[in-house]
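Student: So the chains spell out like this:
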Amino acid sequence: MNVTNDKVVNVSTKFMTYLFLAFTVFIAIFPFIYMVSLSLQTEADIFSGIPVIIPDVPQFSNYADIWDLAPFGRFVLNSLIVAGGITISHLIFDPLAGYVFAKLEFPGRNILFLMVLSTLMIPFFVRMIPLYIMMARLDWLDTYQGLITPFLMSAYGIFLMRQFMIPIPTELMDAGRIDGCTEFGIYWRIILPQVRPAMATLALLTFIFQWNEFIWPLIVVQTTAMRPVTTGLTLFNQEYFTRWNFTATGAVIIFIPSFLLFLFTQRFLVRGVVLSGLK
Amino acid sequence: MAIRSSVQTKPVQFGKYNKERISSKTRRAIVAYAFLLPVIIYFSVFFFYPIALELWASLRNGLPLVGESQFVGLDNYQQIFQDKRVLHSFKVTLIYSVGSTIITAVIGLILALILNQKIRGRVIIRSIIFFPYMISVVIIALLWGNILDPYVGILNSFLYAIGLDGQYWLTDINAALPAVISLVVWQNMGYAMVIYLAGLQNIPEQYYEAARIDGASSLHLFRYITLPLLAPTTLFITVIGMIGNLQAIAPAYLITRGGPADATNLFAYHVFNVAFDELRIGYASALAFMMFAVIFVLTMIQFKIAGNQVEY
Amino acid sequence: MKKNHLSRRNFLKLSATSALALGLGPVREIYPSKAQEEGVVTIYWNPGHVYDTYQKVIDQFQTDFPGWTVNWEKYQWPDMRTKLLADFAAGNPPDMTAEPGGWVQEFALGGQIRSLTEFIEADGEAIEFPDDWQDYTISRNSHEGEIYGMQIHLTCGLMFYNVDMLEAAGFPTPPTTWDEFLEVAKATTERNVFGFAPNQSSGYSWAWLLQNNVQYYDPDTNTVPMDTQDAIDAMQFQADLIHVHKVAPIPIAAADYEGPQKLFTANRAAMIITGPWDIKPTRDGNPDLNWDVAPALTGQRQSTFTGGVSMMIPKDAKNPEMGWELMKRFTALDVELEATKEAGMTMPRKSWSTDEVLEEIPYIAEFGRGLNYAEDTTAELRRTGKFGEIDPLFNKAYEEIIYTNRAADESLIEFVTEANRILSES
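Chains as they are written, first to last, in the working numbering: chain A, 18 to 296; chain B, 40 to 351; chain C, 54 to 479.
Honestly, the hints are just simulated from the structure, not real lab data.
You may find that some hints are simply not true.
Said to hold, decoys possible - Computed from the model, here is a short list of chain B residues facing chain C with C-beta under 8 Å:
id	residue
1	105
2	207
3	210
4	318
The beta-carbon is built from N, C-alpha and C at its ideal position, and this holds for glycine as well.
Could you put together the complete structure from these sequences and hints?
Tutor: Right, dumping it as structure tokens:
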């Protein structure tokens, strides 16, 4: 490869890259900006039929009023408890199973993994009514347990962890065994630290998914006080039209915890020191 | 230049257990099953049991699970193949899934590669690109329905303002599905990027250094180190992507209601309607199992294709 | 080790759970939940109808029945339907629920809701139910001779028109026939302004179909007689507005109904067909708009579609008498008038439609008159139990005709053939 070619390729690729990035960032952020704009509009702005980007009189009061229109604070608390609880449960159980499928050899492994994976291939609403009947029988309707239990672990998380654990060299595990580590110790002390980026990703994605879960809370919750933000927000829709401004205000508010968690987990996506274990 | 490390399963002495006379193979199996116990129990109760109930329901007509019903054997399954709307929605869903999955993966990979470099403000850029994924799909549907509205939406208003004609984004039979695919890609590109970033972190710096010393160019590095080592990640994204997209319901339910004229009548949405709107619960269950069978086969195919490149 | 300890506890909890859960069969029993403790009446409602008037009714109820509270849960219609079905399966439904129209027949057919006969025998005369209700609201909520639902709101589709735009085009009064309508639409259409903005839901096309003497279902022949020339003409007329005369835009395939109202409010549509729910958004969205409501057009006859919420009581409700008590209170004449004044909603009582208060409320009087000639279209078909299968097919035909300009006769004949096939197999 001659040097001049490289240079030309370099400059134009750099330009294309920045262009691509700029475009992507714009389309990623614009709807969000529009959402913030909607959240600051008045009823008149919303119904006028003329799209408004910068409202004449920004209604910052919407952000204060929303807490009175519905028990929004309670909705947020419920979502935090449920999404948080589920995420923690996933972090406990998924990596363990992922490790088994990634690194241990035993009879029936492939079949079991297939069975676990196959649970992803059935849409949730198919399991929904039997699950609901179960929760009713346990008297767990309208409770936090009822909201959390169907999501304690998932094939998604197990699969994710498996994929990230596969590349870990067996030598690390052998070294551990030679040092007299228990099987669980190997998992806890050797394997887990190697997959921090994956765990952080799993935590982030699980939290976001559960935070935005709609259909299960819809049927399992019986009273307004136990609603999470997703079903809580539907209270702002009227029968034939949407109160966009408050819906958007709510949307902006509930966006914040996911965003904070995202920033927090970015730390773990630093260039890992994967092979340090061998040294 | 292939870089391989080997996964050995040679019999290894288990530290303090090698005095016992239980074979190491059995020992391994016991440990594996012990670790898997929570998963096995949980999945049996919360997944396989409800699924079994639904299987039972698929063999019945009436209102199984909700009310009275009668046994009809495989009738519901046979009906599927004559149902034109079902076959059409299956086609729509296939196009939607393959399109969304591939485009999202490609864009996610490109973004991850770019943003893995030490570019200024990359954390902020990553966050922004991830925004769409963090917003609830309910909100996204409302938002985009608003933006894409041909008459009062911002997008067309903007086009008018600069002298272009607005398009019937969600109303034109030919534009609706691409519009929905674009929307899904928009939402998920940040997610694919995040997963690929984690995958890129997993690749040891040493490999790149060694290769550079040997005189490899950036393209070589990408083709022979990055791409193969990202294989497990890519497999994850495409498998999960396909599984998820084949079952997608939100874009249809929240934005287009399957229209116009069934152009975006995603399979899962159709099944949901058959169950909850048309109250044909047995038939809906049968449809769900057919979908499961298809997804299962497609997933197996993907694993076969990737197969040997994943274990290394 | 900490982790093992947790795992063991989870394990125990899980085995207890599974033991309990595995004892299940596909059996529906009644399981109490917090929402169904003693002294709690649970009702399902649409968030769009949470009027102060109704809150007062509930407060009064709680005062009159000390020890009782009302758990007033609000859901969008599709969500409510999902929730109700799950509730029926588990045997813990609410004590009373609203419904958007049509569910009463469906669930009566399926045996999920209670007949109101015993309640009517006790209280009917006192509240003048069913006599004071518009007749078709009773027939649409009946099944095999018994009444299963009580209408609480009654709406119909009438024409909103922009007074200024019509006058500017030379029409001091709104059109009354289809021909006049087409004239007005053509005269008021300009660049970026439409004479008429149709709605994307096939339900709205029933205004035109009814006016042209079309019937959805004929019980005598057990067929869907919608491949008649009258039906074809009515559908083609609508499609031609868009594709031939170009006085109407293609409606938007969306999950909400706001489109036409938004265009109307923004002075970009001269006429729309809609119900009283759009009064408030229009007034709020553009207080300066000079508009009015016109009676329905006369095709071969004057008619329009109706809608409106009814209430019903699930069979397994724990407190059905309390549900009935609330039903009575929500439909008292003074409550109806209050709600109309507050929210512009129109009501099912005959005495309501002739009450002089209506004249004082803008636009409502015309709706009151409209309710007298409006007709229900789907009750007969719903009674066959096949409505759920057939209506989506009509919707699809409607969309083909309107969106893709497929010939109305083709689409309708295809639809009717399939619908009749479904009807014949029972």
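Student: A separate judgement is required for each hint: does it hold in the structure or not?
Tutor: Hints and how they fare:
Given the 8 Å rule on beta carbons, the hint for residue 105/B holds: about 5 Å separates it from the nearest Cβ of chain C. Among the interface hints, the one on residue 207/B holds; its C-beta lies about 6 Å from the nearest C-beta in chain C, closer than the 8 Å criterion. With a cut of 8 Å, the hint placing residue 210/B at the interface with chain C holds, because the nearest CB-to-CB distance is about 5 Å. Checking residue 318/B against chain C: minimum C-beta separation of about 5 Å stays under 8 Å; hint holds.
Violation of the numbered hints given earlier is absent; every hint is satisfied by the structure.
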